[in-house]
Amino acid sequence: MPALYPDLHDRTAVVTGASSGIGLGIAKALLLQGMRVAVHYKRSRAAADSLCAEHPGRAFAIEADLDTDEGCVRLAHEAVRALGGAQVLVHSAGIWNDGPIATLSRPVLEEMFRVNTFSAFSLVRELLPALKARGGSVVFIGSTAGQRGEAGHSHYAASKGAVQSLALSLAVELAPAVRVNVVSPGWIRTPMAEGALREIGDVVASTLPNRRLGEIDDVVNAVLYLASDVSSHVLGQDLGVSGGALLVVPRGQLVPR
Numbered sequence: 011m012p013a014l015y016p017d018l019h020d021r022t023a024v025v026t027g028a029s030s031g032i033g034l035g036i037a038k039a040l041l042l043q044g045m046r047v048a049v050h051y052k053r054s055r056a057a058a059d060s061l062c063a064e065h066p067g068r069a070f071a072i073e074a075d076l077d078t079d080e081g082c083v084r085l086a087h088e089a090v091r092a093l094g095g096a097q098v099l100v101h102s103a104g105i106w107n108d109g110p111i112a113t114l115s116r117p118v119l120e121e122m123f124r125v126n127t128f129s130a131f132s133l134v135r136e137l138l139p140a141l142k143a144r145g146g147s148v149v150f151i152g153s154t155a156g157q158r159g160e161a162g163h164s165h166y167a168a169s170k171g172a173v174q175s176l177a178l179s180l181a182v183e184l185a186p187a188v189r190v191n192v193v194s195p196g197w198i199r200t201p202m203a204e205g206a207l208r209e210i211g212d213v214v215a216s217t218l219p220n221r222r223l224g225e226i227d228d229v230v231n232a233v234l235y236l237a238s239d240v241s242s243h244v245l246g247q248d249l250g251v252s253g254g255a256l257l258v259v260p261r262g263q264l265v266p267r
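The working numbering applies: residue 11 is where the sequence shown begins, and numbers increase by one.
Fair warning: there could be bad hints in the mix.
To be verified - The following label-pair restraints were derived from C-beta to C-beta distances:
1. 16 x 143: 35 to 43 Å
2. 14 x 174: 39 to 47 Å
3. 161 x 79: 29 to 37 Å
4. 220 x 94: 37 to 45 Å
Source of the hints: derived by calculation from the structure; they are not laboratory data. No residue lacks a Cβ here, since even glycine has one placed at the ideal position from N, Cα and C.
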């Protein structure tokens, strides 16, 4: 990928969930724009180390469990120490599992919200001084599941809807020093969606106006735009990357991202 956004060169970014899927694609793209990136991972250390080997002195692997506030605090502080600051936060880490509400225990609900929602609060709180120092941009990875009713994973949809609502409030609270936006993918070909897409991928694609599933680069391009100064007048927006799914797919018909 060429350096499409020269203003990003030599800036600093923290990318969560950066060892696989969408997060890995985002970390790679930011590095190719010339940024210095804190590459967060929880389990997949090999992928994070590989990025660091490809981009010595510009990529820094940091392990942290975002299930806990302590893990979020440690990630933020280690990232700022490694990078010398943090001008961009892309919060891509998350979990998904399904189940009707009758089967959702309190521990399952709490884990979903700790990882997908509470971590967003904690990371922004801890990175805020660095983000404010040089004019920051926060991009949360949401989901179309948080924008409509979908049966079978209400806890996931609620956790993403909460992040989207958080972004609206923070966009007002933190402006003009920090911009906050959301990128909400629909069905994207990722390791997390691979199993489900094997079963229903063709059906999903047939419902979309452009008749195809999304690719990781579709999400990456949206994130690059929001991280860059070319979107300096854009805040509090939820940029959908779904092939128009919200325009045509009946409520409740399809399951998750």
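ask   = So which of those numbered hints doesn't the model satisfy?
value = 1, 2
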